[in-house]
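> Sequence:
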Amino acid sequence: MKTSNKAILALLITLLILPSVLAEVYTPPPPLPSDTNSITKPEFRGQEDDFADAIDMEFIMSLRNTLDISRQIRWLTGNPKQAQNVNAWDEVDNSSWFTNRNHLHPMNLEDIARGSCSGGGPETSGEWIIKRAKAEGVTAGFHIKDSRGERYVIKFDPIGYGGLNSGADALGAKFFYAAGYNAPQNHIVYFDPSILSLDPDGVKFTDEDGEKRLMNEADLEALLERVKFEEDGTIMCQASKYFDGDLLGPFSFRGTRDDDANDFIKHHHRRELRGQKAFAVWINHYDIILVQNDE
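Numbered per the working numbering, the sequence shown spans residues -19 to 275.
These are calculated hints, taken from the structure and not from any lab test.
Nothing false has been slipped in among the hints.
Subject to a maximum C-alpha distance of 30 Å in a straight line, what follows is the list of computed DSBU-like cross-link-like pairs (lysine-lysine):
| hint | residue 1 | residue 2 |
| --- | --- | --- |
| 1 | Lys208 | Lys111 |
| 2 | Lys192 | Lys135 |
| 3 | Lys61 | Lys257 |
| 4 | Lys192 | Lys125 |
Kindly generate the complete structure, drawing on both the sequences and the hints.
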């Protein structure tokens, strides 16, 4: 009887161990190819028509998605098309589009407050040379080169609404950077308007009527009349530093660039671009359009 019990016990142990021995070892699929390979630099592509892009984003794309029968069937059956740039753990790897920051290495408040900023903004003790300017729209602004040779985009708040645009833009960039996105270095700066000067080679200017011409001193004076001066005579602005590298132009939210070998995942199937919607809703960022998405 004892021998029989031992045999049964041995059989049970064997049956318990056997599946783990015979089980196939899980081998994760290989990672996606790198999108930072050395390639021939794509040519710059500007946005030809902002209005056409707005119409496409607001109406044409919505209509196209509504009439896409296969898309509607996937939605009704709870089987949406999955992102194509996730790894075996359903996460987004680091790429030229996205960097896992807070997700892998929790950021403290100082890290989040610093964001992508590596310095204190433009040098305000030296001359600012205006390279480009615009007066049309709700807020005026211009591109400058400071005394260190660094370039910034300068934007102002409407009179009576100090910090409304500049503060939201600066804080929004910090949140997006912490989330993993490429974000500009946006600084809140106070400067003395006497440091402003027009580029002697000419300043491309778009006036209030939308006419493009060269800027003159009268235009600069008129532009500054539309911004608030502090009690000490300085002006508050947002200074957004130029990115390093060469500008390639805005990227589309659909498809890929046919002249960029590193751009091999269709943009509408990128997880980080899909997920960007949640962050945009969180901070009420509604101005994500083609012209704002420079590469």
